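S.K.: What follows is each chain in one-letter form.
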Amino acid sequence: MNHSISLTVNGARREFVLDDPRVSLLDLLRERLHLTGTKKGCDRGQCGACTILVDGKRINSCLALAISHDGADILTIEGVARGDQLHPMQAAFIAHDGFQCGFCTPGQIMSAIGMMSEAQAGNDPERIRECMSGNLCRCGAYAGIVDAVLDAQAGMDEANQRRSA
Amino acid sequence: MKPFDYFRPGTVAEAVVAAAQPGASYLAAGTNLLDLMKGGVSRPDRLVDVTHLDGLDQIERLADGGVRIGALVSNADLAHDADFAKSYPAVAEALLSGASAQLRNAATVGGNLLQRTRCAYFYDTASRCNKREAGSGCDARDGENRTHAVLGWSENCIATHPSDFCVPLVALDAIVEIEGRNGRREIALDELHRLPGDTPERETAFEPGDLVVAVRLPPAARGFAAHARYLKVRDRTSYAFAVVSAAAALQIENGKIREARLALGGVAAKAWRARAAEDVLRGVAPTVAAFQEAARRALTDAKPSGDNAFKIELARRIVVRALSLAAAGTPARIPALPASPFASTSGAIHA
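Chains as they are written, first to last, in our numbering: chain A, 6 to 170; chain B, 2 to 352.
In isolation and in its complexed conformation, chain B is listed as follows (with noise of 0.2 Å):
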């Protein structure tokens, strides 16, 4: 690992002043950020640890309905704190999907939003990956890449944001807050990540010094509460990233969906929110005929970037599984194989 100087701040403020400067990183748990650094694709020359900054680790009933989310919140303490998971449970279910108990004790909701791609060729220093080292190339494009992305991808980036979390949020319309130069700002979640275009190593519409503070989902968001499900296809049932997943939320009324929230994960640089299949849903009964044709929207756009077409039929079937999923209803409890196809749990049709 690369020599680096330690900095604890003691306000935002300050925090944000020195991760301004040329070669600084944030610190939060480091569940990500050390394990890069270890293997040398991160090389800050500063870390700065906001881990013991005061105010940033509280869950935050608002007066509006919504729910403000310090960034310093870990995953497990979010998706066991009872309200949050009644209120908001795929999202719950998403958290409890991911990475391992240990690691999500550590991890932040901040972190989570700011981890890095699991793509081999990005990890691995001896390859070509534009997103590390801009302009080098893309050993992914002609390599191992069944699990790369089918959506938004270009030729100089296939590869996917790996976050369960995101994916549930940004079908909720979460709002980021952020700390910089300028002062405090927000902005909706699905406009964080940036696709790769020509440019795959600005992954974020972050600039120099911005800090994470919160993550607020709007009062709306808890309105779906009784049909919500997270489902995740993973090579391996527990402890691993999604190949393909889905976030579906629905109000049902007299027989009708009054509207419907569907999000993709594992399938492009950011969690994919699906406002085409959302649209068809809008107004009609909740069929699997229904789910059929918002499927279809879904990946209209879709295409393989390697050895992955497989995932775009895949990704169909998840999006058709987990709104059947919520349209049965959520679950009183998170199963014991969280967002698996293979839970125990009934109520899914087959797609």
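Next up, chain A with everything else stripped away, as it sits in the complex (with noise of 0.2 Å):
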């Protein structure tokens, strides 16, 4: 039996008709949209590089049912930069080498701005490696995913104020 749901990703309306129930929210974003940045590691929700947004929370979109999440609107690594400008996260990795190879980092990115928005972990670099534990890093880049995470944080802080005064 076809099942037909509809899902806003990265800010688009899209439709899909899916032909068997198991498909998780990790298999429709890489495989029919081809938005290969969200990574498939463990699959059972272990290692946090499969995390995306989905109606502005981060969750491990391989232990997700695509056809459970109808209607939802998901945000992917894809769709965090206005154009050629990077989302300060992003640019906060590269500053600070919040990687090695590479392969958790879309993960970790959309784990950290989730985590920005949860607002439980302040400036606290211990409450940050508590608040980002979903998210392996098999090169253990971590030093510099703490730092990266503190400056975007500080940045996007000053510029809410610089916004409100």
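Derived from the structure by calculation, the hints contain no laboratory data.
Treat the numbers as computed from the prediction; the structure is a model and nothing was measured.
Note that the Cβ used here is the ideal one computed from N, Cα and C, for glycine as well.
Some clues are possibly wrong.
[To be verified] Interface residues of chain B toward chain A, partial, derived using beta-carbon atoms under 10 Å:
1. G31
2. G40
3. L48
4. H53
5. S128
6. R182
7. F242
8. P339
9. P342
Mind docking these for me? Both chains are given alone in their own frames, and the hints should help you get the complex.
M.R.: Encoded structure:
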């Protein structure tokens, strides 16, 4: 039996016909939309490489059935920059060497963006490490990742203050 | 993953009818179920997706002073609800000590209660497991079992229930509201999960079609807010299941304990309420000596199920530490490393 669902992906409304309910959000993004920035690491919810925002919240897209998320608003790494202007979190990862091989990086950045909107970490490195523990980095770039998150957060806080001043 | 049919019911009643059919399983966030299905451990013929049902995602303050948590409230939303966290701090800390931020955003209250054990032999379909396949045997019994049960286990199964959330909930007398084929009923959370005995494949008191619609905390649960902690020892400080955990909650009046609540996690097939320990704390001063006696009582019936005798002494020490932290007072803010004995917050009396 075919199922029709609609999703908003990076701002664009998309309709899908699923001939099999088994497809995960991760596989739908990669194989139907060719948005391969979202990575398939463990495919079991352990590594965080597949992290995306669904309705503004970070989740593991490998453990989410596409069919169950009918109507959802999805943001992937491909949707965070504005044209050629990188998202501040992307720029901070580059500035602080927050990666080595880069495989976990889209998930790390999406997780960090999600974490900022959760507003739980503040500028406490220990809290950032705890709040980012769902994203593994086999290269061990954690020190750079924490620095990048701290920096991006400080920059965005400052920008927000300027806007509201 | 085995193919399955997908059904999205419009009402709770429709969901119950659909899920009561043989081979059907409820789907909430799926953070545990999809993992089990990918591994061939769970093989449902039909998924009944309850995530689009209305009215199950509210946190309601009840007129009697209790709280009612809808089954579809996410772990993150519940833990970060300021009023909830203030009233039930050990519950919030337990939620934040579990899984990762991504999983907490997805995982639901109802799903947390019904998650399956993380026993490696249950997950490995090449191993014998009485829980996965009744009567097949238990490879954990002579296997890698340092994290397995020390209380309430049987020769048929030594698995533990992995939930952090359930531990303070059991301590605070949580009630589970269930919609089933014969309508609405409720049971104490303490009676939801069964010990393995001869039937480890029967994990809960649920009948086919039963759906968790809410979890309720009674009015008295709020009375422990000033002295409540959850403490969890794990093999790594974040994003790991408990080796041993404890929820401790006290009411202290005029230098004496008026009432104590204590439950242990990671030690049995259910969150383990330690009523004998609570009894010895009633009416005495909150001293380390009293907490040590409580810890001794809590583990009186414990016995190793393998290479895990260390968990019994560890549990005693965690009990003393959790009670000491609770007596010192609930901190204004949950520590950066929730429930960690290595958190930088002071106040611990070393056992």
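S.K.: Does B/G40 pass the interface hint, meaning its C-beta sits closer than 10 Å to a C-beta of chain A?
M.R.: Nearest chain A Cβ about 8 Å off; hint holds.
S.K.: Taking the least C-beta to C-beta distance, is B/P342 closer than 10 Å to chain A?
M.R.: violated (14 Å)
S.K.: Classify the hint on B/G31 as holds or violated, based on whether any CB of chain A lies nearer than 10 Å to its CB.
M.R.: holds (6 Å)
S.K.: Against chain A, with CB atoms and a cut of 10 Å, does the hint on B/F242 hold up?
M.R.: violated (12 Å)
S.K.: Return the status of the interface hint for B/L48: holds when the least beta-carbon distance to chain A is below 10 Å, violated otherwise.
M.R.: Interface hint status for B/L48: holds (7 Å vs cutoff 10 Å).
S.K.: Against chain A, run the beta carbon of B/P339 and see if the smallest gap drops under 10 Å.
M.R.: Where the cut-off is 10 Å and the nearest Cβ of chain A is about 7 Å from B/P339, the hint holds.
S.K.: Verify the interface restraint on B/R182: the C-beta must sit less than 10 Å from at least one C-beta of chain A.
M.R.: Hint violated; B/R182 Cβ to chain A Cβ min 24 Å, cut 10 Å.
S.K.: Any CB of chain A closer than 10 Å to the CB of B/S128?
M.R.: This hint is violated: B/S128 lies away from chain A, its Cβ roughly 18 Å from the closest one there, beyond 10 Å.
S.K.: Are B/H53 and chain A close enough, Cβ to Cβ, to be under 10 Å, as the hint says?
M.R.: This hint holds: B/H53 lies near chain A, its Cβ roughly 8 Å from the closest one there, short of 10 Å.
Going down the numbered hints, you'll see the structure goes against 5, 6, 7 and 9, while the others check out.
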